[in-house]
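These protein sequences, in sequence, are chains A and B.
Take 5 as the starting number for the first sequence in the numbering used here and just add one per residue.
Take 5 as the starting number for the second sequence in the numbering used here and just add one per residue.
No lab work stands behind these hints, which were simulated from the structure alone.
Errors might be hidden in some of the hints.
The list treats identical chains as interchangeable, and a pair is accepted whether it falls inside one copy or across any two copies.
[Claimed, not checked] Once the Cα atoms are required to be at most 20 Å apart in a straight line, the calculated DMTMM-like pairs of lysine to aspartate or glutamate come out as:
no., residue 1, residue 2
1, K166, E123
2, K96, E113
3, K259, E191
4, K357, D149
5, K79, D347
6, K122, E108
7, K41, D297
8, K74, E338
Number of protein chains: 2
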Amino acid sequence: MTKQSDKDSSKNSKSKEGLTVKKSENFSEWYSQIIEKAEIVDLRLGIKGFVIIRPWGTLIIERLYDMFEKELQNKGHLPVIMPSVIPESNLKKEESHIQGFAPEVFWLETDKEGKNGKEERLALRPTSETVFTPMFALWVRSHRDLPLKLYQRGSVFRYDTKSTRPLVRGREFYWIECHDAFATKKEAEAQVQEDIDTTRKILYEKFGIPFLPIRRPSWDKFAGAEYTIGSDVLMPDGKLIQQPSTHFMGQRFSKAFDAKFTTKEGKEEYLYTTAYGPAVSRILVSVISTHGDDKGLVLPFEIAPVQAVVIPIYTVKNKSKILKYAGEIMKKLEANGVRTKLDSDENSTPGWKFHEWELKGVPFRIEIGEKELKGKKFTLFTRDTGVKTTAPLGKFGYIKKLGEAYDKRLKTRADNNMKGKTVSCKTKEDIRKILKEGKIARVNFCSTEKKGEKCAEYVEKEIGAEVRGTLADRNEKPFGKCIICNTSANVVVYIAKSY
Amino acid sequence: MTKQSDKDSSKNSKSKEGLTVKKSENFSEWYSQIIEKAEIVDLRLGIKGFVIIRPWGTLIIERLYDMFEKELQNKGHLPVIMPSVIPESNLKKEESHIQGFAPEVFWLETDKEGKNGKEERLALRPTSETVFTPMFALWVRSHRDLPLKLYQRGSVFRYDTKSTRPLVRGREFYWIECHDAFATKKEAEAQVQEDIDTTRKILYEKFGIPFLPIRRPSWDKFAGAEYTIGSDVLMPDGKLIQQPSTHFMGQRFSKAFDAKFTTKEGKEEYLYTTAYGPAVSRILVSVISTHGDDKGLVLPFEIAPVQAVVIPIYTVKNKSKILKYAGEIMKKLEANGVRTKLDSDENSTPGWKFHEWELKGVPFRIEIGEKELKGKKFTLFTRDTGVKTTAPLGKFGYIKKLGEAYDKRLKTRADNNMKGKTVSCKTKEDIRKILKEGKIARVNFCSTEKKGEKCAEYVEKEIGAEVRGTLADRNEKPFGKCIICNTSANVVVYIAKSY
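This is chain A alone, in the form it adopts within the complex (with noise of 0.2 Å):
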């Protein structure tokens, strides 16, 4: 790439194009342009699996953190922040957690002059059990701590060694963790379930992203998880991306460093565990890729950082007095709450403007001339339909209600989309049609303990597909023989392609 064509992201370039191919066609390609063409992320650092978040970017990610971090507090739980290293016999303690993890931990170089000889090897936290139980031991004494609901902000480290995607597989990524102890296995299910009710208050009623909610086959849970049940999201190209999930620890890291409670009747117990963990770095790559189109993001109106982009359209003439109109305007729509840019830059066209907002998917474009300011009203262009309308001055606190029908529109349309995308497969000559087509494949199936890990890698390797697991709302029955070693099915599972 030369030096030429990387200065053509710069934020004044008027030789930027949008984007060369349709979403439907080759989503793939689509998903690379668009992530960079509206700037959410540059690559061009190039360290693998790293990358830098541009502000559009960030500032839509600080709008996920906001909402999840609000729910999260409104359900009880307090921010904590924690160290980014892990000592190395913390991060050992629990060992099916160590084993899960070993493969993929950074650690840090020990001090090689000795002058920190002594010092214990640090790892780059890839999640942190391992230092959220030791404290709990601390924190809680007696049932009446109970429960201790914390959370963190932050990123984490893996050092995945498959190959790296912007945003949906990085070495680096940005989440909450959220980490709760209970006195009762009862409460720390009925934590479980919570943790599900906010991945549905957020990704689907505020983002519009419907979701599977699956408890995982226990040779996918979470390294130290007695059970796991990922959101699994279906991306335009067929494949699954999980979103957040939740893990069920029992008492495995609480067993592993000795953190018990006393009971109301005197006696001393571990506590249950469970972790929660909304990477909001991989559900921004939902946000892109469920509601945008072919001229590029269309951001739901609640994430959008500008909600309402004001373009004053003037001649040398009336120059003037249109942006002093159009800067009332904006003035007005940021009264009533509306996030609103005036874009009154003298470098760019109005044309080239449109352009650059709807593919940055901006909800509203409201356009101000000498028509509109003659007439008292202004031009009104809304991102997902592609429909232009004029009203009135004065009615700016309308604009939050077609907000909110804008972001009902987006959510419809992506649930009309999920129609039809679970098919019940009777053989595999189905499961591979389903697949091909987009879908994912409902089937019996054995079991998902230890006894249908066969049958699962037969999927993997003779369908390229993966035993995803069970829902987790609801107790489906199963209706015949299991589909690939045809024993009796114990269970309902969901078959698809993932990332």
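Following the hints, put chain B in place on chain A, whose structure we already have.
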């Protein structure tokens, strides 16, 4: 420390005592106690230089972040997210930068098995000039793209081998780093002044923490900067702590990274860059130290996670009525925009709650008992003055006004405390005496350039203090000869002990 005593800081522990030393008598011990007992940090994970920031501390830090970020955005900065790691070749590009930082860089282990053998060695970022500047080279093409003002929030890592102290000096700390690029030297230097203004607006105006903006001697500037201006805050023990510093880099980094732009006249020119870094975890130290008293924290109203705590005082008989009344009052306060907590914990006495929330520095306590219920009023305790008053119901809006007056009082008290703390000295003996009194010496000095380094070494070795530099907001004329070498003095410097 036994397990039992470890448990003493659990949230419901009734055995937790207040501070056992006076701030004026043993500041160091007072600080150690307050950060633990007010549940700001927990050191018991035991990793040298890394602390856990508990919910109460994290909620304050989130407020600090919010206030700085808002101010920075108002001043035209946009947020970005850069990787936490920096490739070795980037870090080593600007010579004086790496010379300064090399001793305190944490490196990641390179992959021993060679599966990623060809990947470049990575450092944990100690600061991010060496990733921002190469991106400026890509993002800025012409003068129309300037200025470009960016910031990121996050933590940085320094393998400090000196003694660490919680939140004061650590191996991981939490800050905002701003990196700005300009077309001209003049604009870049104006940015440095704007950064000082940001410090003043937030640190001083909002948090009531007086500081001296000090231009550092050449031997004490940021590694890679042309000059550095720090904000020195006097701690109760007479030592200075550096708060936000701002650096004028000139074209040093842009030359190292070939970051050019096209001027209006069509010429190629190197960018001028600046950096500004408010460390929120360290600012918390000054908030605690400046305003805290012998009963605990005294949090500015603007910062307090809980601005008013409502404490119901009831008997078995009137419990439900009192709780209902207290709940109504809490709701009214919240409706008036006051961050409020109703502490209805049944396992604590009102007296214990008074103690707890005073220790945590909550500005206002509202007591609700039979008397208040009958009289349709409430009792209001103010943290900084210790005064109790009663007020009739219905006027909750004025709590915000009281909060403003409260913050003003904290600021005035801090200002008064600084009066007479800077003393002009004419002899070395004077300096020693002034330092012993916990004050700052103002003296004639030969030079803050290379020439004066010997005299500064003398001050360090023989007087045990530091030449901090010259006032950055005033041009002070020296009033005699250099107090150390007795040659002609070029500058007036400030000498003090420091953290």
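Exercise. 20 Å Cα cut-off: does K96 pair with E113 within a copy, between copies, both or neither?
Worked result: both (18 Å within a copy, 18 Å between copies)
Exercise. From the Cα coordinates, with 20 Å as the cut-off, is the pair K41 and D297 best called within, between, both, or neither?
Worked result: within (13 Å within a copy, 54 Å between copies)
Problem set entry | 20 Å Cα threshold - placement of D347 relative to K79 | Between copies only: 17 Å across chains, 39 Å inside a chain, cut-off 20 Å.
Problem set entry | Homomeric proximity label, K357 with D149: Cα distance no greater than 20 Å | between (56 Å within a copy, 16 Å between copies)
Exercise. With identical chains treated as interchangeable, where does the CA-CA distance between K122 and E108 reach 20 Å or less: within a copy, between copies, both, or neither?
Worked result: between (25 Å within a copy, 17 Å between copies)
Exercise. Checking K166 and E123: alpha-carbon separation at most 20 Å within a copy, between copies, both or neither?
Worked result: between (32 Å within a copy, 14 Å between copies)
Problem set entry | Homomeric proximity label, K259 with E191: Cα distance no greater than 20 Å | within (18 Å within a copy, 60 Å between copies)
Problem set entry | 20 Å Cα threshold - placement of E338 relative to K74 | between (22 Å within a copy, 16 Å between copies)
In this structure, none of the earlier numbered hints is contradicted; all agree with it.
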